[in-house]
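Asks: Okay, here's what each chain looks like letter by letter:
Number of protein chains: 2
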Amino acid sequence: MAEGDEVSNKQVILRDYVSGFPEETDFELRTSGKIRLKVAQGSKSVVVKNLYLSCDPYMRNRMKNSTGSYVASFSPGSPITGNGVAKVIDSGHPNFKKGDLVWGIIGWEEYSLITEPETLFKIEHTDVPLSYYTGILGMPGMTAYAGFYEVGSPKEGEYVFISAASGAVGQLVGQFAKLKNCYVVGTAGSKEKVDLLKNKFGFDEAFNYKEEQDLDKALKRCLPDGIDIYFENVGGKMLDAVLLNMRLHGRIPVCGMISQYNLEEPEGAHNLFCLISKRVRMEGFLVFDYYPMYPKYRDMVLPLIREGKITYVEDIAEGLENAPKALIGLFSGRNIGKQVVLVARE
Amino acid sequence: MAEGDEVSNKQVILRDYVSGFPEETDFELRTSGKIRLKVAQGSKSVVVKNLYLSCDPYMRNRMKNSTGSYVASFSPGSPITGNGVAKVIDSGHPNFKKGDLVWGIIGWEEYSLITEPETLFKIEHTDVPLSYYTGILGMPGMTAYAGFYEVGSPKEGEYVFISAASGAVGQLVGQFAKLKNCYVVGTAGSKEKVDLLKNKFGFDEAFNYKEEQDLDKALKRCLPDGIDIYFENVGGKMLDAVLLNMRLHGRIPVCGMISQYNLEEPEGAHNLFCLISKRVRMEGFLVFDYYPMYPKYRDMVLPLIREGKITYVEDIAEGLENAPKALIGLFSGRNIGKQVVLVARE
Numbered sequence: 003m004a005e006g007d008e009v010s011n012k013q014v015i016l017r018d019y020v021s022g023f024p025e026e027t028d029f030e031l032r033t034s035g036k037i038r039l040k041v042a043q044g045s046k047s048v049v050v051k052n053l054y055l056s057c058d059p060y061m062r063n064r065m066k067n068s069t070g071s072y073v074a075s076f077s078p079g080s081p082i083t084g085n086g087v088a089k090v091i092d093s094g095h096p097n098f099k100k101g102d103l104v105w106g107i108i109g110w111e112e113y114s115l116i117t118e119p120e121t122l123f124k125i126e127h128t129d130v131p132l133s134y135y136t137g138i139l140g141m142p143g144m145t146a147y148a149g150f151y152e153v154g155s156p157k158e159g160e161y162v163f164i165s166a167a168s169g170a171v172g173q174l175v176g177q178f179a180k181l182k183n184c185y186v187v188g189t190a191g192s193k194e195k196v197d198l199l200k201n202k203f204g205f206d207e208a209f210n211y212k213e214e215q216d217l218d219k220a221l222k223r224c225l226p227d228g229i230d231i232y233f234e235n236v237g238g239k240m241l242d243a244v245l246l247n248m249r250l251h252g253r254i255p256v257c258g259m260i261s262q263y264n265l266e267e268p269e270g271a272h273n274l275f276c277l278i279s280k281r282v283r284m285e286g287f288l289v290f291d292y293y294p295m296y297p298k299y300r301d302m303v304l305p306l307i308r309e310g311k312i313t314y315v316e317d318i319a320e321g322l323e324n325a326p327k328a329l330i331g332l333f334s335g336r337n338i339g340k341q342v343v344l345v346a347r348e
Numbered sequence: 003m004a005e006g007d008e009v010s011n012k013q014v015i016l017r018d019y020v021s022g023f024p025e026e027t028d029f030e031l032r033t034s035g036k037i038r039l040k041v042a043q044g045s046k047s048v049v050v051k052n053l054y055l056s057c058d059p060y061m062r063n064r065m066k067n068s069t070g071s072y073v074a075s076f077s078p079g080s081p082i083t084g085n086g087v088a089k090v091i092d093s094g095h096p097n098f099k100k101g102d103l104v105w106g107i108i109g110w111e112e113y114s115l116i117t118e119p120e121t122l123f124k125i126e127h128t129d130v131p132l133s134y135y136t137g138i139l140g141m142p143g144m145t146a147y148a149g150f151y152e153v154g155s156p157k158e159g160e161y162v163f164i165s166a167a168s169g170a171v172g173q174l175v176g177q178f179a180k181l182k183n184c185y186v187v188g189t190a191g192s193k194e195k196v197d198l199l200k201n202k203f204g205f206d207e208a209f210n211y212k213e214e215q216d217l218d219k220a221l222k223r224c225l226p227d228g229i230d231i232y233f234e235n236v237g238g239k240m241l242d243a244v245l246l247n248m249r250l251h252g253r254i255p256v257c258g259m260i261s262q263y264n265l266e267e268p269e270g271a272h273n274l275f276c277l278i279s280k281r282v283r284m285e286g287f288l289v290f291d292y293y294p295m296y297p298k299y300r301d302m303v304l305p306l307i308r309e310g311k312i313t314y315v316e317d318i319a320e321g322l323e324n325a326p327k328a329l330i331g332l333f334s335g336r337n338i339g340k341q342v343v344l345v346a347r348e
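Chain order of the listed sequences is A and B.
So the first sequence is numbered by our numbering: it starts at 3 and just counts up by one.
So the second sequence is numbered by our numbering: it starts at 3 and just counts up by one.
Please keep in mind that the hints were generated in silico from the structure rather than gathered at the bench.
Heads up, a few of these hints could be off.
One copy or two, it doesn't matter: identical chains are merged, so the pair holds either way.
Unchecked claim - The calculated lysine-lysine pairs, modelled on DSS-like cross-linking and capped at a C-alpha distance of 27 Å, are:
#, residue 1, residue 2
1, K66, K239
2, K89, K36
3, K200, K157
4, K222, K66
5, K36, K124
6, K51, K40
7, K180, K219
8, K66, K219
Okay, chain A solo, but in the shape it has when bound:
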């Protein structure tokens, strides 16, 4: 096949805006798409072949018809986009050449035309799994790093609690906290995940929130001296229980509130008065603001991966046709570890 020819390009399409829990039927696998694998003369675009797609909770908000969010809504009828790993097939941009591996925002499709390739990060280290660039070496890794170190301001020996702790971000925050000699407790939604926290990621303690009648009691059992840093991924009832257990001058980096994303009306946080009595700082953050620190993070974490001092669990779905199911599985907690979709092997 000549690269200038049009080829078939399977795509995952959002049918319409979603309210409530997203379902597989909210998406369509469109097989009629076509793409030219060559950039136009004079264009600074690149064409990439997509290898891995990242399924991330924030994408739920893009399925809503909202204007107030920090990322634009998806366009119904068009392929959705997200973080992923891809290989450059053709480039009009001086920074990229054919064969380069990149990570960044790509389409949920076999091939993507990237019109602003400056947003892509070039992958320079391939002695680790390429899929890691959707996770520990990509956006979630940078999220854990920025949220824990920059927003959380951790000190040696502090008490750290993490929700959605076995997820793409949580498993890293826990391991970073252990490297900082913190006492680390996590919560997740199944026995299997709790085992992972304790036996694979080295958390000091963990509990299955679905089996606790009283989250406040569970926290008091696992963290009788309270919480210095709560890495917030879920919101809702867990946040309310945590607020009752914060220590003086505690910090709550607010990374996400996945328990709230499918609700028409978010649950309220009722215990915010604890922010005052315990002088707690609660701070939302977005990874985009910290991307300039990415090289520093990558250079810190790569040796830790190579030396086995940090581990990363992925849940890899095979094939673009299974991507919608993988994505919506995030919201019922079906995934074990970072949810990735393998689109194509290099």
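Dock chain B against the given chain A, drawing on the hints supplied.
Replies: Below, chain B without anything else, positioned relative to chain A:
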């Protein structure tokens, strides 16, 4: 009368713990109290004559039977305590002598025996009204200073919004913000207070929250470009509306949540996701942590008072017998400005 003799000591007693709105009948004026106006030989205590009492919203939490708060509950059957201005009558402490004026925690009574006088601040400047040491030159002043400058991290020209804006703290935050060239909007609960904000304290805009159907709309009308700093005094629905209107990297110093103090079950804050999308820092603080900065604050604010660059409105109730009514009036917003009780003239 010899100072060693016992004298009568009228006291305001909390009858029992309070749930819901406090009422005058929750208090009793006890006229049977007695006190010796001389400290015991060898004691480091001081005996003071109380001149002014400060009525502060945080005292509501001390009327509850709670162990988790940052200040101890009042003891039913005993006189309540709070900030106030007093004159030393006798002293066993080397730092204080008869005739000294002080401010700090005293009893709601005519005379108090202070067993830990180290907690008192000595009043060195008396060319301003003494009652100011319950307000602009006391705990509320220091609260406004710490919350706005230290927690709020204001920048020139930012958009500042203040709830309970004509109160003891709010009126100062607004004036500090104007001195910092911010655009300042406040909300309060009556036309009279709103007029005060605009005409006396120099706020750029103000609204009566009780007359607004939709707080979000009121904020968008007064602050169409959003809010950089929200000085939080009230909690509840106002906080939820504010969260929708925060600007990128906004700050919310959380000083109080007076709208919630009389509720058995606090209202929830439903819009916390905005902390993430707008990267907002919400931080609770207590003035106690900042008391070491008091001399710095006092030396900053005294010239501003003397030069008329800052003004302070007080609502002074006369007589200990009117103290309970003054205190509970805070929770219905009956006071105009800082609520003080005059116990005795010097």
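Asks: Could you run down the list of hints and mark each one as holding or not?
Replies: Cross-check of the supplied hints:
no.: 1; hint: K66 x K239; verdict: both (23 Å within a copy, 24 Å between copies)
no.: 2; hint: K89 x K36; verdict: within (18 Å within a copy, 87 Å between copies)
no.: 3; hint: K200 x K157; verdict: within (22 Å within a copy, 45 Å between copies)
no.: 4; hint: K222 x K66; verdict: between (37 Å within a copy, 23 Å between copies)
no.: 5; hint: K36 x K124; verdict: within (26 Å within a copy, 81 Å between copies)
no.: 6; hint: K51 x K40; verdict: within (12 Å within a copy, 89 Å between copies)
no.: 7; hint: K180 x K219; verdict: within (24 Å within a copy, 46 Å between copies)
no.: 8; hint: K66 x K219; verdict: between (35 Å within a copy, 22 Å between copies)
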